[in-house]
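> The primary structure of each chain is shown beneath.
Number of protein chains: 2
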Amino acid sequence: MSRWQPDARERLEQAAIELFVEQGFAETTVPQITARAGLTTRTFFRHYADKREVLFAGDEIPEMAARMMAEAPEGTDPMRQILEGLRTVAATRFDPRKDEIRIRRDIVRSDPGLVERDLRKRAALSEVIRSAFVARGIWPLRAALLAETAMTLLYVSFDEWLDSDRDLFDVIEKTLAELRETIA
Amino acid sequence: MSRWQPDARERLEQAAIELFVEQGFAETTVPQITARAGLTTRTFFRHYADKREVLFAGDEIPEMAARMMAEAPEGTDPMRQILEGLRTVAATRFDPRKDEIRIRRDIVRSDPGLVERDLRKRAALSEVIRSAFVARGIWPLRAALLAETAMTLLYVSFDEWLDSDRDLFDVIEKTLAELRETIA
DNA sequence: AGCCGTGATGACACGCGATGTCATCACTAG
DNA sequence: CTAGTGATGACATCGCGTGTCATCACGGCT
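In order, the protein sequences belong to chains A and B.
Positions in the first sequence are counted from 1; adding 720 to them yields the numbering used here.
Positions in the second sequence are counted from 1; adding 720 to them yields the numbering used here.
Note that these hints are calculated values from the structure, not bench results.
Keeping only pairs whose Cα atoms sit at most 35 Å apart, straight-line, the calculated DSBU-like set for lysine-lysine is:
| id | chain 1 | residue 1 | chain 2 | residue 2 |
| --- | --- | --- | --- | --- |
| 1 | B | 894 | A | 894 |
| 2 | B | 841 | A | 894 |
| 3 | B | 771 | A | 841 |
| 4 | B | 771 | A | 771 |
| 5 | A | 841 | B | 818 |
| 6 | B | 841 | A | 841 |
All chains should be modelled from the sequences, with the hints used to inform the complete structure.
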């Protein structure tokens, strides 16, 4: 038998989310989380850089985006490439986890520090997309606009998606149509 | 004569920026700032909610945006309204302060926590614009897209502006033209 | 079987950010 | 002259985050 129970990270994450839902993020201390997970405070910070990170650690979307950006056939139309990426991400990372994402969203919205962390996540994804376009030969200004547009489409649609029962990509397509009309 | 020297906030802000430039944001402690300003730590947190806020306190742009959004003649074309707002903000809040803004930008870029705070500022401005459009009768989805587009134009142009010697609004107009072409 | 390196964890100390609370004192109104 | 106001100082306290060293299971090697 092991000296320690396995799955330390999973236990920490589950204990943290439970406590955040029960009593709020700010009111939950790291010692409370680690006590419920059967670990010590020091161990928490070995797994997560700070208290917020326990809610953001599992995010593989940037890596996924980087891979898809690199693997797309050369010469693919950039806007089409973005839409295909959004379609894949929406179908694999968002639609199947709607309930879990709703819980997470409610926690994040309740605390300004978590909102900030969420915005940084969005900025990081934008940067992944932007630099990937630059690497594919797209001019920097256009690459930045493509990345920002992708984020606008994703996050504007995200809110509407969470409060509806539609598929995320359907909302995204509607949002894009509206965006084209708005800017013209 | 006063018991305390006047302009506590100004002294705190100046001392803070000096120290951030000299030795970095993370390496500067609040007691160091207050010592240079001739005050105590407790007083710092009476003026600023947290250590980062000393760099963000003077921002009147959201109030300015809210006022301009409310005062625009009814029925103004939304995109034109955004461009006029950007033109005014660029000419009054950005172009005359380019050197100061460069210093601030370098400090902010050097620390993840400051980047996050900057992203929240951007999100707050977007929300001001969005809700103002909703109040003017624009549909929520379109209002959100208008606000996000304004932020995209402003911040994508912002970086290019800081590294050039052009006027910000000139860059914004070029960015908008590129955006229209990119999305079409 | 015995030894040893590795890696995760516990235990402890500590600095800094941030807040609550009360005292102090200049200024002002009356 | 007095009472109220408002900004600041002084002090205590809590929680986050980090550095450091000891501990101990595991797996590989001899």
